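Asker: Just so you know, the protein sequences line up as chains A and B, in that order.
The numbers in my numbering rise by one with no breaks, and the one at position 312 of the first sequence is 312.
The numbers in my numbering rise by one with no breaks, and the one at position 360 of the second sequence is 360.
Just so you know, these hints were derived from the structure itself, not from any lab.
Treat the hints with care, since some could be wrong.
The list makes no distinction among identical chains, and a pair is therefore deemed to hold if it is satisfied within one copy or across any two copies.
Claimed, not checked - Listed next, the in silico BS3-like pairs over lysine-lysine satisfying Cα-Cα at most 25 angstroms (straight line):
1. Lys69 to Lys261
2. Lys284 to Lys268
3. Lys51 to Lys64
4. Lys360 to Lys396
5. Lys366 to Lys396
6. Lys51 to Lys68
7. Lys127 to Lys355
8. Lys360 to Lys28
9. Lys27 to Lys355
10. Lys51 to Lys349
11. Lys355 to Lys28
12. Lys396 to Lys355
13. Lys261 to Lys380
Since the structure is predicted, the reported quantities are computational estimates derived from the model, not experimental observations.
Read off the chains here:
Protein chains: 2
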Amino acid sequence: MEQTEQIEGGITAVEGFTAAGTFAGIKKIEKADLALIFSETVCNVAGVFTKNRFPAPPLLLDRKHLRKKKGRAIIANSGNANAFTGERGYRDAEAMAEAAARALSVPIESVYVASTGVIGEFLPIEKITGAVPRLAAQLSPNGGRAAAEAIMTTDTFPKEIAFVGEVGWREVKVGGIAKGSGMIHPNMATMLSFLTTDASITPQLLQEALRQAVDRSFNCISVDGDTSTNDMVLCFASGRRGKEIRSKGAAYRQFVSLLEKACQTLAKMIVRDGEGATKLVEVKVIGARSDAAARRIAESIARSNLVKTAFFGQDANWGRIVAAIGNAGVPVRPEQVDLFFGSEALVRKGIYQGKAAESKVAALLKQREIELTVYLHSGKGQATFWICDLSFDYVKINAAYRS
Amino acid sequence: MEQTEQIEGGITAVEGFTAAGTFAGIKKIEKADLALIFSETVCNVAGVFTKNRFPAPPLLLDRKHLRKKKGRAIIANSGNANAFTGERGYRDAEAMAEAAARALSVPIESVYVASTGVIGEFLPIEKITGAVPRLAAQLSPNGGRAAAEAIMTTDTFPKEIAFVGEVGWREVKVGGIAKGSGMIHPNMATMLSFLTTDASITPQLLQEALRQAVDRSFNCISVDGDTSTNDMVLCFASGRRGKEIRSKGAAYRQFVSLLEKACQTLAKMIVRDGEGATKLVEVKVIGARSDAAARRIAESIARSNLVKTAFFGQDANWGRIVAAIGNAGVPVRPEQVDLFFGSEALVRKGIYQGKAAESKVAALLKQREIELTVYLHSGKGQATFWICDLSFDYVKINAAYRS
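Same shape as in the complex, but just chain A (with noise of 0.2 angstroms):
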């Protein structure tokens, strides 16, 4: 096999996992909202927590199970975040991970628990545990769907993918599950995502591989720290193919590429699902001074509402894009900026290409998906953002969010 090939289904297609979901009553319409996850054996576990501050509790349930670097199964709730509510959160926490455990015939520590929906109210708790020996009963091998739906909050359509390729000489399965981060630059809403593997790696590497996979992925759709009291990203790896990775050699690479695979192919599904998102917009920085020159740069595009609104309305604003770059705190000369959309150039050297250039963009700013890319002449930084645009839907939707 030559290289990384996506294949049908989500998390049980790897092998060794079963997953389900089902509707326990914490939303207020009948949709599910209880997920399931489970390893038939002992997995190595990775996971990358968010950067705010104030952790929800399941978050710190997590971080502790983690010291393990152990699993065996995922229970997520949407509908409820379980954040902001202290003692009683956590020992809610507790209650969802015992629950599952108890169902499973595991120990409590290798249960990990996430949750995800409105802020600062409490689980109905009962509900919940109620509804575990049931969603434990129906755990499938072809049940991967099901917990993707029952993970979503504003979602619009489950995300799942899997992909499989070589990773020392063997064919390794990547299989992966999200939900929605609000918009492509989430000031506080939630992104979840659940991966398994069949490789075979040490913890350590696994939670390097992990955080780089995320930092080209996941954090390239959102902003540095910027994230919510939830938001998290956990690995399950089974160990059941190859022989186990435990250097930065040729397989641990082709293990990295893999998963960053499944990672962006995840954090692009959740770009596209963006509240009220019509458009996805690849941003490209190529030619900075460094990739962290490059990745300031692509991030304070992503973070312009400007921006975002002008490729709502399909208009090639490039001078609030410009504009941008000039706010990234990095040093840039006019000069030196080449502004393309798609293969068309709109801005050489720092000068507008005129009327005939820009309808032709403008023709390519009605297609739902569009490539920017930013030239910069100054050296081999590069880095990518997936971001999409604001419209009128993104505050329909979040300025009626909880009623």
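Starting from the known structure of chain A, fit chain B onto it as the hints suggest.
Answerer: Using the frame of chain A, we list chain B on its own:
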């Protein structure tokens, strides 16, 4: 006189200043787009300019003229920002200054230039220089409002204020006009303000006073460094009143306080007129470890789209506010956080105060002006920001701005 008092008028409320505004043909519709402000005598001048790495040509020219710290006139146009226009743009800015200098019989170095509007298009410079003589002929001690009108872009009302206050045992006046900055967290939209005063103060202290006043006003509706290519604040001091302020004694402090009051009042007007704004929210952070920490927290709340859309929806979504506090990158513990809307506590020591408190807050949220106070009980640091909500109309205005 005990304290600062607001008086009628704007920049021409200060004796010795005249102003005018006219339609030069820069805007597509016939609305005033060219302003002139003139001082009978040579003034000390201070200026604060955008931190954007791509300052527009007028700012480059002004920085050059500001080396002498003296000035007689400001010529400002709306409808076209003269930004990203390279050498031709700089020559156009010079031509504006020169036309004004000739009409007023003053040296070109004493004329300051400002532009606001669409980015990346060349100025219709003949229209501007052609209009200057009749503009100069219209200069009047009652012309402040006409000038305020001529610098408007998407503003819905002209912004002018004047205050009188005691500075060193004398009555001193400060007048000002401003134009809006898109929205409360202006990624790129342009903010201009011109201030006049009859205070007598050294150019160095005038510059320091203006920097401080701007930091506590215009920079508390924007986000540090995240400013347009054209943002600027200029202050002309004629020196007609009182003994020259040469040190940071009582008179200096009185002057700073007067200038700060003027700038804050204009800044709040800008927020109230934010694109699509339906609410003005004063965000106070009290009891942080330092003023800088308080400022970062206020800023984090101010830049959250989710917080702003919740205000538009009149939703007491305190979870988003507390999450924004947690995202400020400043050490805070949830149990130290009290959150007040007006005098109503919705969160105390990190705990939600229940539905009864929330319904009282819900009533407050129907008002047009809202006070949000965050108490952190960790020190003496304070900061105040002013923000508006994020509404449908914000998206509408900015998606269609150039068409």
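Asker: Each hint: holds or not?
Answerer: Status of each hint after checking the structure:
1. Lys69 to Lys261: Within one copy only: 23 angstroms inside, 57 angstroms across.
2. Lys284 to Lys268: within (14 angstroms within a copy, 37 angstroms between copies)
3. Lys51 to Lys64: Within. Shortest intra-copy distance 16 angstroms satisfies the 25 angstroms Cα cut-off; inter-copy 44 angstroms does not.
4. Lys360 to Lys396: between (32 angstroms within a copy, 24 angstroms between copies)
5. Lys366 to Lys396: Both, since 23 angstroms and 17 angstroms are each at most 25 angstroms.
6. Lys51 to Lys68: within (21 angstroms within a copy, 48 angstroms between copies)
7. Lys127 to Lys355: between (61 angstroms within a copy, 22 angstroms between copies)
8. Lys360 to Lys28: Result: close only across copies, 24 angstroms inter versus 47 angstroms intra.
9. Lys27 to Lys355: between (51 angstroms within a copy, 19 angstroms between copies)
10. Lys51 to Lys349: between (38 angstroms within a copy, 21 angstroms between copies)
11. Lys355 to Lys28: Classified as between; 18 angstroms across copies, 52 angstroms inside a copy.
12. Lys396 to Lys355: For lysine 396 and lysine 355, only the inter-copy Cα distance (24 angstroms) is at most 25 angstroms; the intra-copy one is 34 angstroms.
13. Lys261 to Lys380: within (22 angstroms within a copy, 48 angstroms between copies)
When the structure is compared with the earlier hints, no violation turns up for any of them.
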